[in-house]
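Colleague: Sequence:
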Amino acid sequence: MPHTVDFKTVSTVGLETSPVASALAGLRANEARYFKNKYDHVFTVEPAEDAESTIKWVSRILEDERGIVIASRPLEATAFEVAGIRFAYVFYEDGLSINVMYSVDESGKRAVGFKLSEEMEIPAELSSFKFARQKSKLAGTIRGSYFVIKSQY
Numbered sequence: 007m008p009h010t011v012d013f014k015t016v017s018t019v020g021l022e023t024s025p026v027a028s029a030l031a032g033l034r035a036n037e038a039r040y041f042k043n044k045y046d047h048v049f050t051v052e053p054a055e056d057a058e059s060t061i062k063w064v065s066r067i068l069e070d071e072r073g074i075v076i077a078s079r080p081l082e083a084t085a086f087e088v089a090g091i092r093f094a095y096v097f098y099e100d101g102l103s104i105n106v107m108y109s110v111d112e113s114g115k116r117a118v119g120f121k122l123s124e125e126m127e128i129p130a131e132l133s134s135f136k137f138a139r140q141k142s143k144l145a146g147t148i149r150g151s152y153f154v155i156k157s158q159y
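Quick note on our numbering: the sequence shown kicks off at 7 and runs consecutively.
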């Protein structure tokens with residue numbers, strides 16, 4: 007069942023099996039705050055088993071574009087469209103968050119973003135990426151990277 011991510015009271019609900027559950031919950035809350043402030047969108051997530059199509063779409067883009075297969079188990083995911091952009095997020099057990107930003111307009115921006123929760127190591131499958139650091143009141147230090155999507159999905 008989907009649940010709304012509260013960015014005022016950070017909760018680890020749905021992420022309890024992660025060894026960095028608190029940091030991952032902060033990262034998830036950080037995304038919820040961003041979408042509420044920028045788009046007035048309420049960020050909801052659902053358990054991975056209820057979001058298989060979203061997870062498959064994100065996995066397909068990763069594999070087709072860069073040959074990346076994420077080793078960690080997905081815990082939660084969400085997909086929605088705001089301001090002509092289709093977004094998908096997958097939160098993984100190891101603390102990784104992957105998002106796809108896919109503009110509906112063919113001339114718009116399309117990219118995959120990776121965010122690493124504080125305390126987690128860079129997964130081997132993402133070792134070729136350079137990660138920039140960003141401070142967050144909700145998530146501590148977030149490390150992020152991205153690549154541009156070239157094909158149609």
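Check each hint, because a few of them may be wrong.
[As the list claims (entries may be wrong)] Heads up, simulated DSSO-like pairs for lysine-lysine below, C-alpha to C-alpha not over 27 Å straight-line:
1) Lys42 with Lys115
2) Lys115 with Lys136
3) Lys143 with Lys44
4) Lys115 with Lys44
[Said to hold, decoys possible] Beta-carbon label-pair distances, calculated as ranges:
5) Tyr45 with Ala130: 31 to 37 Å
6) Gly73 with Met7: 33 to 39 Å
7) Gly73 with Thr10: 31 to 37 Å
8) Ser134 with Met107: 17 to 23 Å
9) Arg72 with Ser17: 29 to 35 Å
10) Phe86 with Ser17: 16 to 22 Å
11) Lys136 with Lys115: 29 to 35 Å
12) Ser59 with Ser109: 15 to 21 Å
13) Ser109 with Ser134: 32 to 38 Å
14) Tyr159 with Thr10: 24 to 30 Å
15) Phe153 with Asp12: 17 to 23 Å
16) Phe153 with His9: 26 to 32 Å
17) Ser151 with Met7: 31 to 37 Å
18) Gln158 with Thr10: 27 to 33 Å
What the hints contain is simulated information worked out from the structure, not anything from laboratory work. The C-beta atom is built at its ideal place from N, Cα and C for all residues, glycine as well.
Colleague: Next, verify each hint and record whether it holds.
Modeller: Now the hints, each set against the structure:
1. Lys42 with Lys115: holds, 21 Å
2. Lys115 with Lys136: holds, 20 Å
3. Lys143 with Lys44: holds, 17 Å
4. Lys115 with Lys44: Since the Cα atoms of Lys115 and Lys44 sit roughly 17 Å apart, the hinted pair holds (cutoff 27 Å).
5. Tyr45 with Ala130: 31 to 37 Å: holds, 34 Å
6. Gly73 with Met7: 33 to 39 Å: holds, 34 Å
7. Gly73 with Thr10: 31 to 37 Å: At 35 Å between Cβs, range holds.
8. Ser134 with Met107: 17 to 23 Å: holds, 21 Å
9. Arg72 with Ser17: 29 to 35 Å: holds, 32 Å
10. Phe86 with Ser17: 16 to 22 Å: For Ser17 against Phe86, whose Cβ atoms are near 20 Å apart, the range 16 to 22 Å holds.
11. Lys136 with Lys115: 29 to 35 Å: violated, 20 Å
12. Ser59 with Ser109: 15 to 21 Å: holds, 20 Å
13. Ser109 with Ser134: 32 to 38 Å: Violated, since Ser109 and Ser134 (Cβ atoms, about 25 Å apart) do not stay within the stated range.
14. Tyr159 with Thr10: 24 to 30 Å: Distance hint for Tyr159, Thr10 holds at roughly 27 Å.
15. Phe153 with Asp12: 17 to 23 Å: violated, 31 Å
16. Phe153 with His9: 26 to 32 Å: holds, 30 Å
17. Ser151 with Met7: 31 to 37 Å: holds, 32 Å
18. Gln158 with Thr10: 27 to 33 Å: Roughly 32 Å apart at Cβ, these two residues keep to the hinted range, so it holds.
Consistency with the previously given hints fails for numbers 11, 13, 15, ordered from lowest to highest.
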